[in-house]
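Undergrad: Chain by chain, the residues:
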Amino acid sequence: MSTLQGLSFTNLNITIVFSICILLSLAFVLIGKKINHLIKIFSLSFLFSILYFYLNEASPYWYILGVFLITLFFMNKLKKYSMDSLKEDFISEKIIFDFITLFGIVFFAFVILFPFYIMLVTSFKTQIALLVNPLDFSLDFTKSLTELFKSYFVIFETYNFGRYILISSAVSVGTVIVTLLFAIPAAYAVARLNFFGKNFLSTSILIIYMFPAIVLVIPLYTVFSQLGLRNSIFGLLIVYTATTLPVAIYMLQGYFKSIPKEIEDAGIMDGQNWFGIILKIIIPLSLPAIASVALYVFMIAWNEFLFSLMFLDSPKSFTLSRAIQYLSGDAETPRQYLMAGSVIVTLPVLFIFVYFEKYLVSGLTSGSVKG
Amino acid sequence: MSDTLSKLEKRTAYTLVLPAVLLVFAIVLFPIFANVWISFKDIELKDIRIPEPRAKKIVKSISENQSELRIIYKLRNSSLIQEIRNVQFQDKFPKNISPINLDPRCNFQSKKVICNFGNWEAKYRENFEITIKNNNGETIDKKMIKSQKPILSGKADNPLLSTSFTLENFKKVFYENNFVELLLTTFYFTFFGTVGAIIFGILAAQLVNQNIQGRTYMRGILLFPYVGPVVALAYTWTLLLDPNSGTLNALLVNFNIIEKPINLLGQKYITMSILGFEFKLRLALTTVIFFEIWRYFPLAFLFILARLQAIPQSLYEAADVDGASPIQKIYPYNAASNYSNHFNFIYD
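So the sequences go chain by chain: A and B.
Basically the numbering used here = 1-based index in the first sequence + 1076.
Basically the numbering used here = 1-based index in the second sequence + 812.
Hints were generated in silico from the structure; no laboratory data involved.
We put the beta carbon where it would ideally sit given N, CA and C, even for glycine.
Among the hints, a few may not be true.
[To be verified] With a Cα cut of at most 30 Å, we get these calculated DSS-like pairs of lysine-lysine:
1) B:868 to A:1337
2) A:1356 to B:822
3) A:1392 to B:822
4) A:1333 to B:868
[Unchecked claim] Sample of chain A residues at the chain B side, in silico, Cβ under 8 Å:
5) 1180
6) 1181
7) 1189
8) 1262
9) 1269
10) 1284
11) 1296
12) 1308
13) 1317
14) 1322
15) 1357
16) 1359
17) 1362
18) 1401
19) 1411
[To be verified] Beyond 10 Å from chain B on every Cβ pair, some chain A residues (computed):
20) 1110
21) 1150
22) 1154
23) 1342
24) 1367
25) 1379
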């Protein structure tokens, strides 16, 4: 029975819990280094959990386990404090600061991860379970696997999500390739070569990025419907490439400028033309920057919604984002299907992000840190 | 020598830059220009399409005579408001076939029927008929006749290219549709969204900039809302905020913070009383602003963090030597970090 139903703040006696916390912290500091740190935190957390259980009899066992783990986490954070450290300068300010930091981390982590968790949990539930108890955050592993993953089977079978995954991947990867093909030469020219309009180009490049997409949609819609590009992957690819190009060029030219010019001069001496220099010197040297641009463009193309909503109206050419919107358009569609679709569209992007986070962060911020 | 080199450099620079610039011009700058242009025109969405003459070909047999066929062309003007001038019609037939009793507007030359229909007014419709027969009395292949599509051409004014301009559209926008209210809402949304994102961004950056365990994981987690697809996140939040079976309302009711579920996304105003003053809060707008903050504070966080980490460690050591308290050490950060915040506007 892992549910929050029935628990309420009224039978949680905050003053008593708070005073126990303070007493425990005091005990922790007084014990100091007389006992091993691990033994100390485990025993004190255990003591706290027992006291808590005694005070709130109604709590279920998993709840106590949670309390125990949280106390353990906080106890561990007390590690650096001892009787000696209390004599340092500004110690009260430091303690308050540490407390706020801890609290802040827990707060931010909760606020961010909670919606993602709800998305995941909802996708594994049945319609009835959702309506009966919206506060049930648990996964029922006693069900068979086919029952548990039912929503996923349904959206792959009835709603053709396999096809949409393919289309989304094709559009995103295509956008990455085409954008890089256009952006690398342009960024190289802006970073290295002298030509009329260079300064104008390098300053105005980001202004283009500031126009809201909704402004572009209506004229593009009319033109694309006349050219027959409206319901096609190719049309989307063109639009995505054009909208991501400015940022790609901006990010790449910043990196290209940091490559020593002498290497290129050596290349020129060896009889390379510009094409050879880009292909044999610039690209190998700036692979991290290219990776970060590729990642960024991929994420934009994968997550893009407005253009796919306006341009695609036959289910044959939907991208994942558009498909989810299509799912929700039908009021009859149960929410677990919608959430299963959301999980499918979110997971790849989160995995890629977690794996390549370093590149993305360095690429995004390289421009801003320079100034 | 150096002159030719610089010429070569310029030429390569243009060949490298032009593809990208042309693409961006075509897809981004052209629509913006088109928007400005159309905003001064007295046209509606349906007029943007240039009128063209159309024909639908229907082939029918005449009784049992296989060597004769009746062809009906359903002709029409695609536009409901504009005329098409000087419409030309042309259709091709196979060998040995000739029309009987051809319409006076048309003539038959070298296997082709060419007609001159003159001007078609708006909404023009006509069922135009030709009867054809095989000169040798053989059966005519119906499918072959049908597969040949007639070619039509005509001249029409493109309403987009005319030089008449009007300010009516702007008048309409300003005086109808509660323009001022919409503008104010946009300002609220942008202002509070951006300020909130920056505040939370600064807080988060301060947290992560300290020496804590799992700092890189925390940085990754903090960026999740920005990385995740908007559609998925928006639907998750509507689910969370749902008044009937949403998690957030259920939690608040369960903990006795509110008595009845609140429709956070559907209710326009909520009356609150703080310190005895009653005031109306725009509830739905506030909720959406919070979603906006939730989604975009990671970006502010990222840039501020990058700034903070660019501050040399020696500054902090100097502050320690001077006996600065932890709070005093924050001030230099903020001065440095504010600079990069302008970037946030771009994404909002």
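Undergrad: Run every hint past the structure and note whether it holds.
TA: Now for the hints, and whether the structure bears them out:
1. B:868 to A:1337: The hint is violated at about 66 Å.
2. A:1356 to B:822: holds (21 Å)
3. A:1392 to B:822: Outside the cut-off at roughly 46 Å; violated.
4. A:1333 to B:868: Since the Cα atoms of residue 1333 of chain A and residue 868 of chain B sit roughly 61 Å apart, the hinted pair is violated (cutoff 30 Å).
5. 1180: holds (5 Å)
6. 1181: holds (6 Å)
7. 1189: At about 7 Å, which falls below the 8 Å cut-off, the nearest Cβ of chain B leaves the hint on residue 1189 of chain A intact, so it holds.
8. 1262: holds (4 Å)
9. 1269: Hint on residue 1269 of chain A: holds, closest Cβ of chain B at ~4 Å, below 8 Å.
10. 1284: holds (5 Å)
11. 1296: holds (5 Å)
12. 1308: With Cβ-Cβ at 15 Å, over 8 Å, it is violated.
13. 1317: holds (7 Å)
14. 1322: Hint on residue 1322 of chain A: holds, closest Cβ of chain B at ~7 Å, below 8 Å.
15. 1357: violated (15 Å)
16. 1359: violated (14 Å)
17. 1362: violated (15 Å)
18. 1401: This interface hint holds because 6 Å falls under the 8 Å limit.
19. 1411: With Cβ-Cβ at 6 Å, under 8 Å, it holds.
20. 1110: Consistent with the label, residue 1110 of chain A stays out of reach of chain B, its closest Cβ about 24 Å off (over 10 Å).
21. 1150: The assertion about residue 1150 of chain A holds, with a minimum of 13 Å to chain B.
22. 1154: With a cut-off of 10 Å, residue 1154 of chain A remains clear of chain B, as the shortest Cβ separation is near 13 Å.
23. 1342: Holds: least Cβ distance 17 Å, greater than 10 Å.
24. 1367: holds (16 Å)
25. 1379: Residue 1379 of chain A not clear of chain B: closest Cβ-Cβ about 4 Å, inside 10 Å.
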